[in-house]
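2 protein chains.
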Amino acid sequence: MPPAAPAYRRLNVEERRSQLLEAALTLFAHRAPEEVSLDDVAEAASVSRPLVYRYFPGGKQQLYEAALRSAAEELQQCFDEPREGPLLPRLARALDRYLGFVDQHDAGFSALLQGGSVVETSRTTAIVDGVRRAAAVHILSHLGVTAPGPRLRMTVRMWITAVEAASLIWLDEDKQPPADELRDWLVEQFAATLSVTARRDPQTAELVRALATDG
Amino acid sequence: MPPAAPAYRRLNVEERRSQLLEAALTLFAHRAPEEVSLDDVAEAASVSRPLVYRYFPGGKQQLYEAALRSAAEELQQCFDEPREGPLLPRLARALDRYLGFVDQHDAGFSALLQGGSVVETSRTTAIVDGVRRAAAVHILSHLGVTAPGPRLRMTVRMWITAVEAASLIWLDEDKQPPADELRDWLVEQFAATLSVTARRDPQTAELVRALATDG
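Going line by line, the protein sequences match chains A and B.
Under the working numbering, the first residue of the first sequence carries the number 357, and numbering increases by one thereafter.
Under the working numbering, the first residue of the second sequence carries the number 357, and numbering increases by one thereafter.
These are computed hints drawn from the structure, not numbers from a lab.
Just so you know, not all the hints are guaranteed correct.
Because identical chains share one entry, a pair is satisfied inside a single copy or across any pair of copies.
Capping the alpha-carbon separation at 20 Å, the derived lysine to any residue pairs in SDA-like fashion look like this [stated by the list, open to error]:
{"hint": "1", "residue 1": "Lys531", "residue 2": "Ala385"}
{"hint": "2", "residue 1": "Lys416", "residue 2": "Leu524"}
{"hint": "3", "residue 1": "Lys416", "residue 2": "Asp530"}
{"hint": "4", "residue 1": "Lys531", "residue 2": "Arg507"}
{"hint": "5", "residue 1": "Lys416", "residue 2": "Gln433"}
{"hint": "6", "residue 1": "Lys531", "residue 2": "Leu508"}
{"hint": "7", "residue 1": "Lys416", "residue 2": "Ala566"}
{"hint": "8", "residue 1": "Lys416", "residue 2": "Asp395"}
{"hint": "9", "residue 1": "Lys531", "residue 2": "Arg509"}
{"hint": "10", "residue 1": "Lys416", "residue 2": "Ala547"}
{"hint": "11", "residue 1": "Lys531", "residue 2": "Pro504"}
{"hint": "12", "residue 1": "Lys531", "residue 2": "Leu394"}
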């Protein structure tokens, strides 16, 4: 085992905050939020309980929301993908990063999306909804659509929800099938769902034609 | 307007309970659960507040859960469909009833599925999850599958989640497109999503072949 970091290294405020959030996220990845106490966070970060309270005077609820916000930012970074090259491989790369995030945060990801936790509030729901909306905006912008009609918007949002559901089931099923198979399958589902909408929606039909000759 | 029911008609316990739940569900359809008081329910049902408390001594939370359970039972009845005739039309008929339910319960349906309500608890989440699981069991049984593999199960559960998402968006978008167009589109999405899975999963491939010659 590598030696522990020197006990007296002083972290600045931002570093300390990040360290505490990181410790909290690791705990949330293995246990339900209501089973994680501030004592546990203090212990995991090797700091005193009063120090945790100094950073999060609102207690567990504040810590949970801050950790959630930090996870949401990290999740949104998964969507950053250069606007270059064929579209479906771009989507595949973003999904790779997304599934890596799901894999890493594990139980914390499930708790977050499944709700029903005692620390679930309209604020935490709003954070999660913000990520969903950001994902839809990203996808539509990669598709090059500036004024998506209702059928195309519904199609993209349905697929995003289906991806979430697939991630939760994937965690439930011991991460089977392997992430790269799941990724390819989700990309194929995206293309198929667009094709179905294309039968009823000229805007989506045009997109599907463009995708067919893309790359 | 028809004359109001005679004010002094005595209802038996079950009738009274149903009447109160019906009144509560109508209120939940137009307002967030946290904005519905027992006073409102008493007023809507033309009974005294103490009477509402006699039936629901646990107060609003108990009333909400009872109303939710009653709505969940009603929702599950949408899935009852004779095992006769081609499969996709059976799915279309179940979706017709489901969309009728969504239409009728409106805001109450959104509140229920979007969570984040102050009365959301792990018990209410369990009720909703029960309906989802029942839907998956129904679909797999109509498909005639007794031992669904992980890929087929994931496909069915993803589609159910996508249908939920579509219903919420549909309510958000002033119930556009019309219910019958939405229904047909969801059935087509189901067939398409199975076809994608069929490329990787022999069990699903067999089902898709059976569907193609069905009816």
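Hints versus structure:
Taking identical chains as interchangeable, the C-alpha atoms of Lys531 and Ala385 lie at most 20 Å apart only when both belong to the same chain, with a minimum of 15 Å there against 38 Å between chains. Taking the shortest alpha-carbon separations for Lys416 and Leu524, neither the intra-copy value of 25 Å nor the inter-copy value of 31 Å comes in at or below 20 Å. In this homomeric assembly, Lys416 and Asp530 never come within 20 Å of each other (Cα to Cα): the closest approach is 29 Å inside a single copy and 39 Å across copies. For a Cα distance limit of 20 Å, the shortest separation of Lys531 from Arg507 across copies, 12 Å, qualifies, whereas the shortest one inside one copy, 32 Å, does not.
Taking the shortest Cα distances, Lys416 and Gln433 never come within 20 Å of each other, neither inside one copy (26 Å) nor across copies (41 Å). Taking the closest pair of Cα atoms, Lys531 and Leu508 come within 20 Å of each other only across two copies (15 Å); inside a single copy the shortest separation is 30 Å, beyond that limit. In this assembly of identical chains, Lys416 and Ala566 lie within 20 Å of each other by CA distance neither inside one copy nor across copies; the values are 49 Å within and 53 Å between. Proximity of Lys416 and Asp395 under a CA criterion of 20 Å is satisfied intra-copy only: 10 Å inside one chain copy versus 34 Å between copies.
For the homomeric pair Lys531 and Arg509, the shortest alpha-carbon distance between copies (14 Å) is at most 20 Å, but the shortest distance inside one copy (29 Å) is not. Proximity of Lys416 to Ala547 under the C-alpha cut-off of 20 Å is found in neither arrangement, the shortest distances being 42 Å within a copy and 45 Å between copies. For the homomeric pair Lys531 and Pro504, the shortest alpha-carbon distance between copies (17 Å) is at most 20 Å, but the shortest distance inside one copy (34 Å) is not. Neither within a single protomer nor between protomers do Lys531 and Leu394 lie at most 20 Å apart by alpha-carbon distance, with minima of 30 Å and 45 Å respectively.
Hints 2, 3, 5, 7, 10, 12 from the list above are not met by this structure, while the remaining hints are.
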